[in-house]
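Q: Here is how the chains run, residue by residue.
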Amino acid sequence: MADTAWTIKPLEPKWALSFGTQAVGHVTVKAVPHLALISLAFDADNAASVAAKLGIKHLSVGASQASQLAATTPDETWPCRFAMLQPGQIWLMAETAPSELMAQAQARFGGHSWLTDQTDGWVAISVLADDEVAANAVMARLCMLDVATIKIDTATRTLVAHLSVIIIKEGAGHYTLLAPRSSAQHLHHMVTLAAQNAG
Amino acid sequence: MTGAAITSRRVTGTTARTIQEPSEHEVNRLSPLANRPTQLDYSRPLQFTFDGKAQSGLAGDTVASALLANGTNFVARSFKYHRPRGIFTAGPEEPNALLTIGEGAASDPNSRATMVELHEGLVARSQNNRGSLKHDLMAANDLLSPFLSAGFYYKTFMWPRAFWEKLYEPVIRMAAGLGALSGEHDPDSYDHGYLHCDVLVVGSGPAGLSAALAAGRAGARVILVEEDFVPGGRLNAETMAVDDLDSAQWAANAVAELQTLPNVRVMTRTCTFGAYDHGVYGLLETRPSGGPRQVLWRVYSKRAILCAGALERPIGFAGNDRPGVMLASAVRTYANRFDVTPGQRVAVLTSTDDGYRTARDLAARGVKIAAVLDTRAEGSSIPSKFEVIHNARIDGTSGRHGLRSLTLANGKKIYCDCLAVSGGHNPNVHLTCHQHGRPVWDEQISAFVPGDTPPGQSVAGSANGVMTLGACLRDGHEAGNAAAKDTGFDAKHGASAHGDDEASGLIAFYQMPSSGKGRAKAFVDLQNDVTTKDISQSHLEGMTSVEHLKRYTTLGMATDQGKTSNITGLAVMAELTGASIAQTGTTMFRPPVSPVAIGAFAGHARGKHFRPTRLTPSHDWAQEQGAVFVETGQWLRAQYFPTANETHWRESVDREVKAVRNCVGVCDVTTLGKIDVQGPDAAAFLNRVYANGFAKLAIGKCRYGLMLREDGIVMDDGTAARMAEHHFFVTTTTANAGSVFQHMEFCRQCLWPELNVHLVSTTEAWAQFAVAGPRSRELLQRLVDAEHDISNAAFPFMACGDISVCGGTPARLFRISFSGEMAYEIAVPARYGDALIRALMEAGRDLGVTAYGTEALGVLRIEKGHAAGNELDGRTTARDLGLGRMVSTKEDSIGAVLSRRAGLSNSNGHDLVGFKPIDADIQLTAGAHLVGVGDPVDMDHDQGWLSSACFSPTLGHSIALGFLKNGTQRMGETVVAANPLEGLSTQVQVVSPHFVDPKGERMRG
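Respectively, the protein sequence lines represent chains A and B.
For the first sequence, the numbering used here gives the first residue as 1, with consecutive numbering after it.
For the second sequence, the numbering used here gives the first residue as 10001, with consecutive numbering after it.
By construction, these hints were calculated from the structure, which means they are not laboratory data.
Hints may contain errors.
Claimed, not checked - Derived pair list, reagent style DSSO-like, types lysine-lysine, alpha-carbon separation capped at 27 angstroms:
1. Lys-30/A / Lys-10608/B
2. Lys-151/A / Lys-10485/B
3. Lys-10608/B / Lys-14/A
4. Lys-10155/B / Lys-10134/B
Said to hold, decoys possible - Where chain A lies over chain B, by a calculated footprint (3+ residues, C-beta under 8 angstroms):
5. 10435-10447
6. 10675-10684
7. 10757-10765
8. 10822-10836
For every residue, glycine included, the Cβ atom is placed at its ideal position computed from N, Cα and C.
Taking the hints into account, I'd like the entire structure generated from these sequences.
A: Right, dumping it as structure tokens:
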């Protein structure tokens, strides 16, 4: 070591999506690079307990809500979004450091469930528009879902441009697409192309 | 007549509009009708060219209407005989006027002039002619027509045999055909999309608009599709009244109302080309400008109402293909919608009252009607002021490049430059047949109507055999209401619009009896040059089935799919056989209804984005190094890293391999499948999915895992690392990452739901690098944070653990080796992958660290004798690979029992062994078969095969792995590796598969 010029430097993260926010056609295409994402697997016996800690009555596949994680102390709640994509597993998402989300999740769910940091496995792109019809027009060119009839706070997995993509309808005219990290460039190209073509 | 007809440029209607004088080219442009919304924009004249000649038109014209306005009707040469052909229809059924639109790469051959919307600067060219359109050299074919009759290619040009491929076929292909592709890349873009609706309405004529209004007013989500660029269908082409309004005005009002309904989407320029299972329909939308040229939509409908209308059918008679002979409804359309007359002296041939409407409408616009030739004995209910000849029979026509006169059977000549022909109407049943619907014959209208339709599909209007305006409006309204009700809406909004139920008076008449005079042909299929004589001949030659007739004569083939010819052809055939048309039957229709460009099917999936490309976290860095990439599945991986002075890939690969053997190399192995297995039953689960056991694997240790299929054949291999008591980290091969995860999920969910275990694919989450070579530890020690001891004692071969690098970045380290050298695999969260590869290369510069790609990776593993995809080919067993003892006999696992079948555990089977050439200069090739020295190279003497081969820079000669019968018992023996495909055959010696470090000392060092 001593005879080399090399010195240890902290590793700088490089996110798969770095384009920020772009206005394309009638919508805004926004990269969400700092979306921490942790999957939480649990046994059927613990479903009620998990639901309670998410602040909801019961869990159902396809649900995705902005939620407050139950307090570990009486005045300490923590905001995040969850999505349930299969029985026995939910995803927790928040725009924060993955370690922070993991710590918050472990404090509430550790011991009764199995946590996996998936932050780096996925990329998130949001399609936003004040006019819901404009956002729907873009989505109609991306996937076969009947997005106009999908309720807000719904998550579903479908095919987008030959990719397995999770689509969360966060609001009217607000969709977030989660796709495998390695295909980030392909997804970004397809989303912006769809926005251009629909525009 | 044109000069006289075009008098007023200002008309008084509901809205006054300024009209400019049309161009002097537009000799056939009529004065617009008052009190009728014009669909032409007289304030927007457009210039275009046809075969280089300047023409003019108006916004709202089709190319066909503009050409006719310019007095140009001779626009094409026929397919086989190269006869002059003119515009025949005004719609998508056009068989003749196929033009090439555009120039160069953007040219679009076989475009129907009747459907192409005119735009400024449009360039149109005729096609299928050598020389000019007027002086087509290939017109000589018409003289040869006695030799080119139906099925001529089955019975002529038979001798000499060799000439068929070399001379006859190329010449025939050159002479035949229509438009030609440019041969260049299509510069346009295309897109795909998905739509959903309660009610899909196909067609926007009277029935379609009524249906859409009924369903839309009820609140159903409606998509109304119209192929034309103006909705309204025949309502735009008639001078009839709906609800006391001009039909075109009513259509415009209806469309305006639909466009105000938020639940209704009106799509013009959109062809419904196919009907598929479960209410799925294919639409092709053509965009006039901007964005993709076409969008291919897949529509999911709960109900579909097909209001595709009906097509007029022609009548066969001698010389009926001359430019100027047109369908009567088309002539009416050009006059009423486009203010164009196709001729200055028009005759009408009809077997229905409909022909009289054409004569009436044209006469009202000042066009001279030469005569109405009625094939019926009695006249029409429509009063007429022109000469009517009953029981009319046409015996021939004259005019070289356009119609000049008709000769009747009684010898009378009628001089005209346009003949409007009306032989009744055929419902458009095409879409009802795509799911095996069989049309049925309706004697009342002498046409096929839809038979049973699939669930969710109904037909309304003239497509359903309802042939009057009033009935179409009512039928559409009822169908719209029914569809709305079926989809859960209250369907009681408003009554049907009212229209007249006009008389038809049809007496079916398909072809003129031949007088036997002259040699003029009577054409049935204009697009394929099929004549009544061709049908007779095919009948004489035994083509008694309608399907045989189609294939023998080509009747009903090509771009128009026989839209104007099928029924007439069937009628001619029925007459020959003495059967009825119903008994004769009809051929079936398949998608697409109209031609769809290949580009539209491809959509945006072309070029670089033909399919997704997966990039590794070190991709940008590898690109900076000039790496050559290779596709492995969807992944793009660095194959090798050439340096400036290397001119051949082997030089790069040899250098990379030597660096690993002698120093240290780094390879991105992110593509390996990675699965987190967690839960109290994680170990029990792995014990069942892997053939070897994991329950006793210590925390912080890795183990090689062998996965079998149910039938005992090897499925995949990889490693499982125990990160915690209930947490394993499993790796798979790159190729099987998806299938292994799928298999494990199947096992978890379906086979053993009682196990408390959870699986998460983390392939994408970790950037993983192999760091291999005698100085690998030294390199890693520079990066791994000090609190983690990775010395051989603390972190021996097959150790694993959570560590941190570069001052706190979380990482996982595995002491595993694919190369046979001391080696590690280090994984960091993917976002740090780019930084880690740069740090490794920077930190190891003085150690001679070398990046290596997939080629070197392959060489290293062959030298070490590790099986990979070439060996795990779906046929090999654990025993074949020399791993038979790994299959636990104590615990059951998937494939364990069947792997012990006699056929698979036979000690006389194929063994994985190594091979080296007797002549060290010979390059071995994978795929070569192994036979004994002196044995014939055939399957009877086949003893095995080479599965992997490479040049070993470590040994200095070619080496190979392969499977040889009883191979492990034949070390040192010489056999022949024969590759008959490449003409190679060489003697090889059977050796251990472990060419490098057979005792495994290096990787444990």
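Q: How does the stretch 10435-10447 of chain B fare against chain A when you require at least three residues with a CB closer than 8 angstroms, holds or violated?
A: violated (count 0)
Q: So if I understand the rule, the pair passes when the alpha-carbon distance is 27 angstroms or less; does Lys-30/A with Lys-10608/B pass?
A: holds (23 angstroms)
Q: For Lys-151/A and Lys-10485/B, compute the direct alpha-carbon distance and say whether it is at most 27 angstroms.
A: holds (24 angstroms)
Q: With a C-beta cutoff of 8 angstroms, work out whether three or more residues of the stretch 10757-10765 of chain B approach chain A closely enough for the coverage to hold.
A: holds (count 7)
Q: For Lys-10155/B and Lys-10134/B, compute the direct alpha-carbon distance and say whether it is at most 27 angstroms.
A: violated (32 angstroms)
Q: Does the alpha-carbon distance linking Lys-10608/B and Lys-14/A stay inside the 27 angstroms limit?
A: holds (23 angstroms)
Q: Are there three or more residues in the stretch 10675-10684 of chain B whose C-beta lies within less than 8 angstroms of some C-beta in chain A?
A: holds (count 3)
Q: At least three residues with a C-beta closer than 8 angstroms to a C-beta of chain A: is that true for the stretch 10822-10836 of chain B?
A: holds (count 9)
Hints 4, 5 from the earlier list are contradicted by this structure; the remaining hints agree with it.
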